[in-house]
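In our numbering, the protein residues as written are 1 to 79.
These aren't lab readings, by the way, just hints derived from the structure by calculation.
These figures come from a predicted structure and were not determined experimentally.
Take every hint as true, because none was put in to throw you off.
Label pairs and their in silico Cβ distance ranges:
#1 E70 - E27: 52 to 58 angstroms
#2 V7 - R75: 48 to 54 angstroms
#3 W30 - R75: 53 to 59 angstroms
#4 W74 - N9: 49 to 55 angstroms
#5 E70 - R21: 54 to 60 angstroms
#6 R21 - D66: 53 to 59 angstroms
#7 K55 - R13: 35 to 41 angstroms
#8 Q43 - P63: 28 to 34 angstroms
#9 R20 - A50: 36 to 42 angstroms
#10 A77 - V33: 53 to 59 angstroms
Glycine is no exception: its CB is placed at the ideal position from the N, C-alpha and C atoms.
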Amino acid sequence: MCMGVYVGNVTIRVPDELKRRMEELREVNWSEVARSAFEETVQRQEMRRAADEVKAMRECSDPAWDGSAEIRRWRDASR
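Start from the sequences, fold in the hints, and give me the full structure.
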């Protein structure tokens with residue numbers, strides 16, 4: 001069975017004036033520009049969600065808990 005790379009298709013609309021200006025810049029790969037922008041935005045949003053999840057976990061945790069003290073305790077116990 002062959003494992004292929006599946007590529008989705010996205011259509012975007014831009015104002016006519018922008019389209020005209022883009023057409024004048026034939027050396028630019030607009031698909032790549034869009035892919036890069038989409039990827040960057042997805043990564044930023046994923047990082048924002050992860051940060052929000054960490055923040056929520058911290059808010060629910062015991063404020064007296066000290067991660068560095070816990071690490072020290074484990075290190076000392078292994079000696």
